[in-house]
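Peer 1: Given chain A, put chain B in place with the hints provided.
2 protein chains.
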Amino acid sequence: MTVSDSAVKIGELSLIRHIRSEFSSALLKDVAIGIGDDAAVLRVGGREGLLISADTMCEGIHFDMTFATAYQVGFKLVSVNVSDIYAMGGTPNWFLLTAAFAPDTSEKFAKEFLSGVKDALDLYGAGLVGGDITSSKSGIVVTGIVMGFAEKPITRSGARVGDKIYVTGALGDSACGLELLRHIMAPVELDKDNGPDRPMPWPAMRPLIHRHLMPIVLKPSLGASAASAMMDISDGLALDLRRLCAESGVGAVIYENKLPMSSHMLAASELLDKDPLHFSLCGGEDYEYLFTSAEDIDTARYIGDITDTGLVMIDKNNDAKDLADCGYVHFI
Amino acid sequence: MTVSDSAVKIGELSLIRHIRSEFSSALLKDVAIGIGDDAAVLRVGGREGLLISADTMCEGIHFDMTFATAYQVGFKLVSVNVSDIYAMGGTPNWFLLTAAFAPDTSEKFAKEFLSGVKDALDLYGAGLVGGDITSSKSGIVVTGIVMGFAEKPITRSGARVGDKIYVTGALGDSACGLELLRHIMAPVELDKDNGPDRPMPWPAMRPLIHRHLMPIVLKPSLGASAASAMMDISDGLALDLRRLCAESGVGAVIYENKLPMSSHMLAASELLDKDPLHFSLCGGEDYEYLFTSAEDIDTARYIGDITDTGLVMIDKNNDAKDLADCGYVHFI
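The listed protein sequences derive, respectively, from chains A and B. Each step along the first sequence adds one to the number in this note's numbering, with nothing skipped, and position 156 is 156. Each step along the second sequence adds one to the number in this note's numbering, with nothing skipped, and position 270 is 270.
Just chain A, same shape as in the assembly:
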């Protein structure tokens, strides 16, 4: 999933920089937080805290119908959007859906996709209020738009020198699950034992594959003002930590031996002859949360500290090195 810089034809990051400089205008009425965080924070009726975010998933880029089902794509679209609301310390309330289906998309496919959307919305307690169904020239492109509320939104920009860095769960499971799917090259039924003709026993693969195909995101359990900065980990810890530090104007040091990795992911990496550290740092779509706090937090994993400047990882040999410049860049 890592995209080397040389392959990046138009840098997503450079375009976003362009947008932030071009669009920062006097027209931004009642905007507490605009472009550049997990969600925008808007003021309505004098009250801050209306959140909105939009995320697009494209066939062949964000999902592959070789191994995903329509239901899973619908479910995942909602999860990745809700993740942005949770990452602001908010609660989702409303959802809009736009879907451009391909000319050969069947009605059965469309209805299964919608069923995944519905089950996920029911799970997260949000309701569908609108959208647009249309046709694409080729390939399926779906966009979720989620709105919610946060009493006290948590941004990416509040990290301060001396804060501790935390993540809410294991890293690399989703990227490792995707790698397993590339060996299987067929849709899997997540609720069935998928038989013995697999690279490893199904119960050991299932959590990884489930995490990739149909992530269920959890609201981070934090005290109201525990986190000084927060974001979801959607493009890999290394890239997302880089973003959080850039927004906060700080640096970071993290410790390789403190990065949480699941036993399933470690076993699968060995079998696949892949580096689990690469999955953890550079693999996208973890949909866990990265946050900073001046406090000691029991409910998350401490992985490092906010510093003045620089992005450093202390490896297993206690050597300091630059944090890998990797991560999932969407716009290649």
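Hints in this document: simulated from the structure, not taken from any laboratory. Note that CB positions come from ideal geometry on N, CA and C, so glycine has one too. Hints may be right or wrong, so weigh each one.
Among chain B residues calculated to face chain A with C-beta under 8 Å, some are [as the list claims (entries may be wrong)]:
id: 1; residue: G45
id: 2; residue: L96
id: 3; residue: T98
id: 4; residue: A110
Computed cross-link-like contacts, DSS-like style, restricted to lysine-lysine with a CA-CA straight-line distance of at most 27 Å [what the hints assert, rightly or not]:
id: 5; chain 1: A; residue 1: K152; chain 2: A; residue 2: K164
id: 6; chain 1: B; residue 1: K108; chain 2: B; residue 2: K152
id: 7; chain 1: B; residue 1: K29; chain 2: A; residue 2: K118
id: 8; chain 1: A; residue 1: K137; chain 2: A; residue 2: K108
id: 9; chain 1: B; residue 1: K152; chain 2: A; residue 2: K29
id: 10; chain 1: B; residue 1: K118; chain 2: A; residue 2: K29
id: 11; chain 1: B; residue 1: K152; chain 2: A; residue 2: K137
id: 12; chain 1: A; residue 1: K137; chain 2: B; residue 2: K321
id: 13; chain 1: B; residue 1: K29; chain 2: A; residue 2: K219
id: 14; chain 1: B; residue 1: K152; chain 2: A; residue 2: K111
id: 15; chain 1: A; residue 1: K164; chain 2: A; residue 2: K108
id: 16; chain 1: A; residue 1: K316; chain 2: A; residue 2: K274
id: 17; chain 1: B; residue 1: K321; chain 2: B; residue 2: K274
id: 18; chain 1: B; residue 1: K316; chain 2: B; residue 2: K274
id: 19; chain 1: A; residue 1: K152; chain 2: B; residue 2: K29
id: 20; chain 1: B; residue 1: K258; chain 2: B; residue 2: K219
id: 21; chain 1: A; residue 1: K192; chain 2: A; residue 2: K164
id: 22; chain 1: A; residue 1: K137; chain 2: B; residue 2: K111
id: 23; chain 1: A; residue 1: K118; chain 2: A; residue 2: K108
id: 24; chain 1: B; residue 1: K111; chain 2: B; residue 2: K137
id: 25; chain 1: A; residue 1: K29; chain 2: B; residue 2: K219
id: 26; chain 1: A; residue 1: K274; chain 2: A; residue 2: K321
id: 27; chain 1: B; residue 1: K137; chain 2: A; residue 2: K108
id: 28; chain 1: A; residue 1: K164; chain 2: A; residue 2: K111
id: 29; chain 1: A; residue 1: K29; chain 2: B; residue 2: K111
id: 30; chain 1: A; residue 1: K111; chain 2: B; residue 2: K137
id: 31; chain 1: A; residue 1: K29; chain 2: A; residue 2: K137
id: 32; chain 1: A; residue 1: K164; chain 2: A; residue 2: K316
id: 33; chain 1: A; residue 1: K164; chain 2: A; residue 2: K321
id: 34; chain 1: A; residue 1: K29; chain 2: B; residue 2: K29
Peer 2: Structure of chain B alone, referenced to chain A:
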């Protein structure tokens, strides 16, 4: 632009019916108007009137890079979204943008597209607050999300028997402009005289082509409670009137000789050997407004009356016939 029913592989309308029945759940908190109108109407802080709508445009379906420029596509995306807010009697305030660019999209293209978005937002007085930039497998797919406010939202469902039916401007210009572009088969510079090697003189074609490539939408000038029902005309008068009547549970009669058609459109239709009535009834993307009112309205064109049931057009010979079952169906 008309899609015959036989060509409709999955009916957009049937899918939307499916969505409306499947997704009407107890989870719809603080939703005054949900799926099925130009925009959803939400309650925030006990106050009704937050509007949100999303519209997607796909390359090869909604726009054709054979004759559109990136700037025009960006501008149009904002206009068609703002049209949904104006159609509710609202004012736009915030905008989100998602764009899936193709692998061969250049940075120049992306920046020109963004420039069109920005100029349109400046024109309508809305600010960009977020979105998502990503990559598609092939073809460009862009989605606009617009939020606004209406003190007293005007829905599609308020038309009552005896109300008069109005439209705010000429019909068929955009569809006729598209037909002209299909003869030109190249991008045109809207602000230049495009020379003599054209199917008709540029000053006569320009308003039609401009209307198609880069529509500028106007807020309907209506008294606060003059309209009983309203919607924008995006898929052709015949289909959109059908939708308004269905939502209101009424019928309609319209008069062919009252349909407003521009002199440019009439001249171009003659040259193209096309029926101007077909452009007016069945052509999409007029982005004028269709509304009903119990009052006499000077600022719009009276075209018919709301009846109990049925959809009838009185033609030029004073014969009553069923209103054409035509219009632009997006999901083919």
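Peer 1: Compare the structure with each hint and give your call.
Peer 2: These are the hints, each one checked on the structure:
| no. | hint | result |
| --- | --- | --- |
| 1 | G45 | holds, 4 Å |
| 2 | L96 | holds, 5 Å |
| 3 | T98 | holds, 4 Å |
| 4 | A110 | holds, 6 Å |
| 5 | A:K152 to A:K164 | holds, 20 Å |
| 6 | B:K108 to B:K152 | violated, 42 Å |
| 7 | B:K29 to A:K118 | holds, 15 Å |
| 8 | A:K137 to A:K108 | holds, 19 Å |
| 9 | B:K152 to A:K29 | holds, 21 Å |
| 10 | B:K118 to A:K29 | holds, 15 Å |
| 11 | B:K152 to A:K137 | violated, 38 Å |
| 12 | A:K137 to B:K321 | violated, 36 Å |
| 13 | B:K29 to A:K219 | holds, 20 Å |
| 14 | B:K152 to A:K111 | violated, 34 Å |
| 15 | A:K164 to A:K108 | violated, 49 Å |
| 16 | A:K316 to A:K274 | holds, 17 Å |
| 17 | B:K321 to B:K274 | holds, 21 Å |
| 18 | B:K316 to B:K274 | holds, 17 Å |
| 19 | A:K152 to B:K29 | holds, 21 Å |
| 20 | B:K258 to B:K219 | holds, 22 Å |
| 21 | A:K192 to A:K164 | violated, 41 Å |
| 22 | A:K137 to B:K111 | holds, 23 Å |
| 23 | A:K118 to A:K108 | holds, 15 Å |
| 24 | B:K111 to B:K137 | holds, 20 Å |
| 25 | A:K29 to B:K219 | holds, 20 Å |
| 26 | A:K274 to A:K321 | holds, 21 Å |
| 27 | B:K137 to A:K108 | holds, 23 Å |
| 28 | A:K164 to A:K111 | violated, 45 Å |
| 29 | A:K29 to B:K111 | holds, 24 Å |
| 30 | A:K111 to B:K137 | holds, 23 Å |
| 31 | A:K29 to A:K137 | violated, 37 Å |
| 32 | A:K164 to A:K316 | holds, 19 Å |
| 33 | A:K164 to A:K321 | holds, 19 Å |
| 34 | A:K29 to B:K29 | holds, 26 Å |
When the structure is compared with the earlier hints, violations turn up for hints 6, 11, 12, 14, 15, 21, 28, 31 and for no others.
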